[in-house]
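Number of protein chains: 2
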Amino acid sequence: MTHEPAAMPGRAAPGLDGGSGAGEDLREVMRTARSIRRFTDAPVDDGILRRCLEAATWAPSGGNQQPWRFVVLRSPEARAAIAEGARGALEVTQHVYRLERPAPDDRSSRARSARAVFELHDGAATVPAAVLFAVRHQRGATPLLQGASVYPAMQNFLLAARIERLGTVITGWHVAGEAGLRAAVGVPDEWMLAALVVVGWPRGRHGPVRRKPVEEVAALDRWDQSL
Amino acid sequence: MTHEPAAMPGRAAPGLDGGSGAGEDLREVMRTARSIRRFTDAPVDDGILRRCLEAATWAPSGGNQQPWRFVVLRSPEARAAIAEGARGALEVTQHVYRLERPAPDDRSSRARSARAVFELHDGAATVPAAVLFAVRHQRGATPLLQGASVYPAMQNFLLAARIERLGTVITGWHVAGEAGLRAAVGVPDEWMLAALVVVGWPRGRHGPVRRKPVEEVAALDRWDQSL
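Chains as they are written, first to last, in the numbering used here: chain L, 3 to 229; chain H, 3 to 229.
Honestly, I wouldn't trust all of these hints.
You can't tell identical chains apart in this list, so a pair holds if it fits in one copy or across any two.
Here are the simulated DMTMM-like pairs of lysine to aspartate or glutamate, each with C-alpha atoms no more than 25 Å apart in a straight line [what the hints assert, rightly or not]:
1. 214 with 121
2. 214 with 26
3. 214 with 93
4. 214 with 30
5. 214 with 191
6. 214 with 226
7. 214 with 107
8. 214 with 47
9. 214 with 192
10. 214 with 48
11. 214 with 79
12. 214 with 43
13. 214 with 108
14. 214 with 86
In case anyone wonders, no lab produced these hints; they're calculated from the structure.
The shape of chain L in the complex, shown without the other chains (with noise of 0.2 Å):
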């Protein structure tokens, strides 16, 4: 798979004026971008994630053949089916980090952490709002290459809505639940289920992530020599 596009006539292209300024915040949007899992009660509004969505369809993808569909699930149906494949993630997540529910009086970070992933998987038929993402097998393409062409708007999505001050988190709960949100969505055998986002107004603060420095990651030429 290339990444081509078609024909596309010039036009004039907006220039980003703002200077530096504009540039360090967007920056502070990306290093601030934190996985939100404890949400207040407040619904989400269908505008504001068409807004989110939008950003998400600004996004490359192979030949920009744009194979991407998102949908909005909020009803019992699909809450039904979350729920189920967060039960089925729940399971694997214990299993894979040994997380045990942490005690009542447990106030060390490593609890409050835990509590929040089992608040959001206990919590998953009544998420505020998620969204699956969902991307159209493309001729030639490997899986992993499908990626490239869904995954890219799925982080436009969460920048954008943190943007909005929105708090969101990727789950794997579409791969347990496979099943179920296939059949409450009515998505087509040749599409692929790419990822299930939780959005809703944060309890609790955006936050930096934490990441590796990037000389950890980054090399020039060699695997392992330093850029």
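Use these hints to put chain H onto chain L, whose structure you have.
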């Protein structure tokens, strides 16, 4: 695979206090991060690439494992492998998109677009810079899901480059050129090549992406139900 964090200590969260102005600037960045295929001869400074790659590290990944490595390619060995990949990719592109070298006097937008594609591929060995995005195999993740742990980082990189006014284009050159790239860079077996992004200072301007309207690709609850 789940996207779950390890314990994350509470930290003061910087607000995004720019209000809607900053948000609009960021949306403008996303809306104008169009692929750029023609570059000036000016070199791309490592410091700028490092800033863009730092933004890449802020992306989410499954279990926050950050199973990514970003390799900036400039050596003669890497350039030879890139050129080999570009030759193979161009053959596929010509076949799939029925792309032919336009006549020199054809000034149509389709011809100009095609010319940029040929110019990019023909000059693959001398692009200003290229970045290879690799992802380590994660136990339990399908190949599609592995993409969720590298393409969001690639998208952050593209947006960070756009902030710096750099031009970028995602290529599939790592597919046809895989063996040569693996040998030139020394990529370990358990790592997969996810993308090769070409980077440089644009000849011509950044401009709005061309996409289907969000109404065509977003749905509510049911596959064909408008949001």
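Quick rundown of the hints versus the structure:
In the homo-oligomer, the alpha carbons of residue 214 and residue 121 never lie at most 25 Å apart, since the shortest distance is 27 Å inside one protomer and 37 Å across protomers. In this homomeric assembly, residue 214 and residue 26 come within 25 Å of each other (Cα to Cα) only inside a single copy, at 20 Å, whereas the closest approach across copies is 29 Å. Taking the shortest Cα distances, residue 214 and residue 93 never come within 25 Å of each other, neither inside one copy (28 Å) nor across copies (39 Å). Only within a single protomer do residue 214 and residue 30 lie at most 25 Å apart by alpha-carbon distance; the minimum there is 17 Å, versus 29 Å between protomers.
Taking identical chains as interchangeable, the C-alpha atoms of residue 214 and residue 191 lie at most 25 Å apart only when they sit on different chains, with a minimum of 22 Å there against 39 Å within one chain. In this assembly of identical chains, the alpha carbons of residue 214 and residue 226 lie at most 25 Å apart only when taken from the same copy (16 Å versus 41 Å across copies). For a Cα distance limit of 25 Å, the shortest separation of residue 214 from residue 107 qualifies neither inside one copy, at 31 Å, nor across copies, at 52 Å. In the homo-oligomer, the alpha carbons of residue 214 and residue 47 lie at most 25 Å apart only across protomers (22 Å), although the nearest pairing inside one protomer, at 35 Å, exceeds that limit.
Taking the closest pair of Cα atoms, residue 214 and residue 192 come within 25 Å of each other only across two copies (20 Å); inside a single copy the shortest separation is 37 Å, beyond that limit. Within a single copy, residue 214 and residue 48 get their C-alpha atoms only as close as 36 Å, which misses the 25 Å cut-off; across copies the closest is 19 Å, which meets it. For the homomeric pair residue 214 and residue 79, neither the shortest alpha-carbon distance inside one copy (40 Å) nor that between copies (29 Å) is at most 25 Å. Taking the shortest Cα distances, residue 214 and residue 43 never come within 25 Å of each other, neither inside one copy (34 Å) nor across copies (33 Å).
When the C-alpha separation of residue 214 and residue 108 is checked against a cutoff of 25 Å, the pair qualifies neither within a copy, at 27 Å, nor between copies, at 50 Å. Taking CA atoms no more than 25 Å apart as the test, residue 214 paired with residue 86 passes in neither setting, with 34 Å inside one copy and 33 Å between copies.
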